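So the chains spell out like this:
There are 2 protein chains.
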Amino acid sequence: MLRIITQQADVKAELQRICDRTHDEQVLHKEATVREVLQAVKRQGDKAVLHYTAEFDNQTLKPEELRVTGSELDAAYQQVSKDLLQAIQLACRQIEAFHRQRVPKSWVHFGDDDVVLGKRYTPVDRAGLYVPGGRAAYPSTVLMNAIPAKIAGVPRVVMVTPPRAGKAINSAVLVAAQEAGVQEIYRVGGAQAIAALAYGTETIPKVDAIVGPGNIYVTLAKKLVYGTVGIDSLAGPSEVLIIADENANPVHVATDLLAQAEHDPMAAAILLTTDTALAKNVQVAVERQLVDHPRRIDTEKAIAHYGLIVLVESLEAAAELSNEFAPEHLELEIKDPWALVPHIRHAGAIFLGYSTPQAVGNFLAGPNHILPTSGAARYASALGVETFLKHSSIIQYSQTALQKVAGAIDALATAEGLPSHTDSVRRRIQQEE
Amino acid sequence: MLRIITQQADVKAELQRICDRTHDEQVLHKEATVREVLQAVKRQGDKAVLHYTAEFDNQTLKPEELRVTGSELDAAYQQVSKDLLQAIQLACRQIEAFHRQRVPKSWVHFGDDDVVLGKRYTPVDRAGLYVPGGRAAYPSTVLMNAIPAKIAGVPRVVMVTPPRAGKAINSAVLVAAQEAGVQEIYRVGGAQAIAALAYGTETIPKVDAIVGPGNIYVTLAKKLVYGTVGIDSLAGPSEVLIIADENANPVHVATDLLAQAEHDPMAAAILLTTDTALAKNVQVAVERQLVDHPRRIDTEKAIAHYGLIVLVESLEAAAELSNEFAPEHLELEIKDPWALVPHIRHAGAIFLGYSTPQAVGNFLAGPNHILPTSGAARYASALGVETFLKHSSIIQYSQTALQKVAGAIDALATAEGLPSHTDSVRRRIQQEE
Numbered sequence: 017m018l019r020i021i022t023q024q025a026d027v028k029a030e031l032q033r034i035c036d037r038t039h040d041e042q043v044l045h046k047e048a049t050v051r052e053v054l055q056a057v058k059r060q061g062d063k064a065v066l067h068y069t070a071e072f073d074n075q076t077l078k079p080e081e082l083r084v085t086g087s088e089l090d091a092a093y094q095q096v097s098k099d100l101l102q103a104i105q106l107a108c109r110q111i112e113a114f115h116r117q118r119v120p121k122s123w124v125h126f127g128d129d130d131v132v133l134g135k136r137y138t139p140v141d142r143a144g145l146y147v148p149g150g151r152a153a154y155p156s157t158v159l160m161n162a163i164p165a166k167i168a169g170v171p172r173v174v175m176v177t178p179p180r181a182g183k184a185i186n187s188a189v190l191v192a193a194q195e196a197g198v199q200e201i202y203r204v205g206g207a208q209a210i211a212a213l214a215y216g217t218e219t220i221p222k223v224d225a226i227v228g229p230g231n232i233y234v235t236l237a238k239k240l241v242y243g244t245v246g247i248d249s250l251a252g253p254s255e256v257l258i259i260a261d262e263n264a265n266p267v268h269v270a271t272d273l274l275a276q277a278e279h280d281p282m283a284a285a286i287l288l289t290t291d292t293a294l295a296k297n298v299q300v301a302v303e304r305q306l307v308d309h310p311r312r313i314d315t316e317k318a319i320a321h322y323g324l325i326v327l328v329e330s331l332e333a334a335a336e337l338s339n340e341f342a343p344e345h346l347e348l349e350i351k352d353p354w355a356l357v358p359h360i361r362h363a364g365a366i367f368l369g370y371s372t373p374q375a376v377g378n379f380l381a382g383p384n385h386i387l388p389t390s391g392a393a394r395y396a397s398a399l400g401v402e403t404f405l406k407h408s409s410i411i412q413y414s415q416t417a418l419q420k421v422a423g424a425i426d427a428l429a430t431a432e433g434l435p436s437h438t439d440s441v442r443r444r445i446q447q448e449e
Numbered sequence: 017m018l019r020i021i022t023q024q025a026d027v028k029a030e031l032q033r034i035c036d037r038t039h040d041e042q043v044l045h046k047e048a049t050v051r052e053v054l055q056a057v058k059r060q061g062d063k064a065v066l067h068y069t070a071e072f073d074n075q076t077l078k079p080e081e082l083r084v085t086g087s088e089l090d091a092a093y094q095q096v097s098k099d100l101l102q103a104i105q106l107a108c109r110q111i112e113a114f115h116r117q118r119v120p121k122s123w124v125h126f127g128d129d130d131v132v133l134g135k136r137y138t139p140v141d142r143a144g145l146y147v148p149g150g151r152a153a154y155p156s157t158v159l160m161n162a163i164p165a166k167i168a169g170v171p172r173v174v175m176v177t178p179p180r181a182g183k184a185i186n187s188a189v190l191v192a193a194q195e196a197g198v199q200e201i202y203r204v205g206g207a208q209a210i211a212a213l214a215y216g217t218e219t220i221p222k223v224d225a226i227v228g229p230g231n232i233y234v235t236l237a238k239k240l241v242y243g244t245v246g247i248d249s250l251a252g253p254s255e256v257l258i259i260a261d262e263n264a265n266p267v268h269v270a271t272d273l274l275a276q277a278e279h280d281p282m283a284a285a286i287l288l289t290t291d292t293a294l295a296k297n298v299q300v301a302v303e304r305q306l307v308d309h310p311r312r313i314d315t316e317k318a319i320a321h322y323g324l325i326v327l328v329e330s331l332e333a334a335a336e337l338s339n340e341f342a343p344e345h346l347e348l349e350i351k352d353p354w355a356l357v358p359h360i361r362h363a364g365a366i367f368l369g370y371s372t373p374q375a376v377g378n379f380l381a382g383p384n385h386i387l388p389t390s391g392a393a394r395y396a397s398a399l400g401v402e403t404f405l406k407h408s409s410i411i412q413y414s415q416t417a418l419q420k421v422a423g424a425i426d427a428l429a430t431a432e433g434l435p436s437h438t439d440s441v442r443r444r445i446q447q448e449e
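For the protein sequence lines, the chains are F and R, in the order given.
Position one of the first sequence corresponds to residue 17 (the working numbering), numbered consecutively onward.
Position one of the second sequence corresponds to residue 17 (the working numbering), numbered consecutively onward.
Hints are not guaranteed to be accurate.
[Claimed, not checked] Calculated lysine to aspartate or glutamate pairs in the EDC-like style (CA-CA distance at most 20 Å, straight line):
id, chain 1, residue 1, chain 2, residue 2
1, R, Lys222, F, Glu336
2, R, Lys420, F, Glu112
3, F, Lys239, R, Asp36
4, R, Lys351, F, Glu262
5, F, Lys28, R, Asp141
6, R, Lys420, F, Glu336
[Said to hold, decoys possible] Computed from the model, here is a short list of chain R residues facing chain F with C-beta under 7 Å:
id, residue
7, Gln60
8, Gly61
9, Glu81
10, Arg83
11, Thr85
12, Ser87
13, Leu89
14, Ala103
15, Val140
16, Gly150
17, Tyr154
18, Ser371
19, Ala396
20, Ser409
21, Tyr413
22, Leu434
[Stated by the list, open to error] Every beta carbon over 10 Å from chain R, so not counted as near; a handful from chain F, in silico:
id, residue
23, Gln23
24, Gln60
25, Thr76
26, Tyr154
27, Ala188
28, Pro221
29, Met282
30, Glu303
31, His309
32, Ala363
Source of the hints: derived by calculation from the structure; they are not laboratory data.
Since the structure is predicted, the reported quantities are computational estimates derived from the model, not experimental observations.
Glycine included, every Cβ here is placed at the ideal spot set by N, Cα and C.
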């Protein structure tokens, strides 16, 4: 049963509990396992990768089986329906169109005395994309990972995803990868995949940035290798927070909550509403829709543990609670959603109005679905083209320009106790005199 | 003595050794200490902060002494020279002018069928700036941290820096903070400062993002709290790589190498040159300048362990070696530096020509001096306004627009086994029929 509480109750503590749902005591124990996997792969390369693939994924591979072959890639197209292929292609086009907007560009500025300043953007040399596998398959996550990397101009993009029974990779995943321009795919998942990408093995190349969501082992491995390589973020289980008014359709709101909960037994689904009738109707609709939900057990778990309806006094109060939670997905199922937007400070993605279910953003509206979770929207953003770009500052001074700032540099260098800093300027301008 | 090797020697291994200079065996031991500090501050707040300040910084403070007072802030202005104040103000203006360029702005795009897509940029609510202290004082680092935060519009910016003997904070640091608009300053450093900012204490507020360079304890603490808060990067000791041709002035090149080495006994200073005479002359000049260098012992250590001159066959070969090293600072002391820029893929900041010593960028050219180190320029960039901003994706669909993509969403949701995703769209468009 989806609980209903009022704002008088200790709402903030409840939201905090839900936000912190992955910070469990077991993490330290899992971290020890992950450290062991990282060390083994660093030292033994493919051998360790294959060992852990057998242990954790129950698939016994030879080194030459790690990479998905050209014939598998070709065959995948035969195995997906025409409808699915077209859907993947539509998603590709829309994701690409969105991500091509406002890509940072290199610039220089010419100042007085021949001073040139600027920023030069370049892509990482190699990117590693993690695509979760296991029970489900996520062709949409392939697109969300790969398209920004391609737009950034990353010369070598490699993908890793765990093998399923029979060593196979889901055909929709292989088709999505090819549609997004990724041909180099390795069947390896978990911490061993992150280790292989961070350190390189005989078969799998070392990359410069590792992106994409994964389970707790993948996330811990990404945190530990951060610094050796770049990472996009630390992903936790998915979450939605819906702000709804009396005009929202309770069946739609209930379905959106379940669309979040069905991802993961750890998913969170929260409704903040000003309307008591809506709260009760959503509660009933969730129960009803759960009855014959194909993923009932896991979905029910998420709803029971991390589902919540809060009755709030105003939409502004709802926005303030939402800001404290900083949700990955925020739906504004209210009459004038744009009026509330200025009150929203932290959210991964905002879905406006009664006709924008999160599903449309999850698959094909264009914006990225790899978003900050567990409160990370307070400081982080969606995966994007920028994730695969970095810039070099550009600085060029003339002797005249240097002369003009020499005194100031001297004062600062002296204050910081750096004599050669002063000398490096003084010696250059004295030459002129 | 600064060693000279040729490209025939195992240059790549040598550069790798220098790049990896902080990945020492002691890190794991230090990490245990840092974990203990984090846990203690999380549980005991100010009490633990004061305990570790006494233990590590030898300063016994009361809780009410943690925050720098208004009268201390005022008094600082009396203690800096007019020249230094003017230098700080010049640096402020130039850093602000550079950082105000090309700041990301919110946008929306109106598509067909009333689809609205966009990105909404917002600052973090609270930022914590770390400014190293200890033996030296870094007013320039205050500016490089604080100015981007202010431009981003961060409502609450707090600064932490370790107390020196007599509990005092360097007056130039306090003046720089005020010139950059930061008034809330706490005298705490090390891992205990990072813990206080990540978890909050009775006195020090919990922040959303922690930025700024620090020693190995600060860096380890930042890595461990990443995920609870955002961080800018993991800083290692500073480094310069200079590419110079036969026209470069050996005394200038030597001074620039020492200007790097004088920062830290772990700093790295590398010269790649096509000219044997220059190599030898730089070697001699470095020796000569070291003789009466006020920081001779530490600077000599850096030069001996992490200094290197490599004779290369061409400037392009130098660029390729530089790309492998991905230096924090890259100086192109060559006749046509702009011709080599397209060959440079990874560098934190590029200083072009014979008249652009790194010192000018370090203090006041405008670009940030908080830069990726230890090879991180392969995937990371300078601290910037973006470090304090994040965006929310904006998605609004109409029923008509939803209707058009319903089939595609159905295909993708089915492939991913997410029935409520399909329902969330179907139920909305059926209502219209």
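Against the structure, the hints come out as follows:
no.	hint	in the structure
1	R:Lys222 / F:Glu336	holds, 18 Å
2	R:Lys420 / F:Glu112	holds, 19 Å
3	F:Lys239 / R:Asp36	holds, 19 Å
4	R:Lys351 / F:Glu262	violated, 71 Å
5	F:Lys28 / R:Asp141	holds, 18 Å
6	R:Lys420 / F:Glu336	violated, 35 Å
7	Gln60	violated, 19 Å
8	Gly61	violated, 18 Å
9	Glu81	violated, 25 Å
10	Arg83	violated, 24 Å
11	Thr85	violated, 22 Å
12	Ser87	violated, 22 Å
13	Leu89	violated, 17 Å
14	Ala103	holds, 4 Å
15	Val140	holds, 5 Å
16	Gly150	violated, 11 Å
17	Tyr154	holds, 6 Å
18	Ser371	holds, 5 Å
19	Ala396	holds, 6 Å
20	Ser409	holds, 4 Å
21	Tyr413	holds, 4 Å
22	Leu434	holds, 6 Å
23	Gln23	holds, 21 Å
24	Gln60	holds, 19 Å
25	Thr76	holds, 26 Å
26	Tyr154	violated, 6 Å
27	Ala188	violated, 5 Å
28	Pro221	holds, 13 Å
29	Met282	holds, 16 Å
30	Glu303	holds, 14 Å
31	His309	violated, 7 Å
32	Ala363	violated, 5 Å
Hints 4, 6, 7, 8, 9, 10, 11, 12, 13, 16, 26, 27, 31 and 32, counting from the list given before, are not met by this structure.
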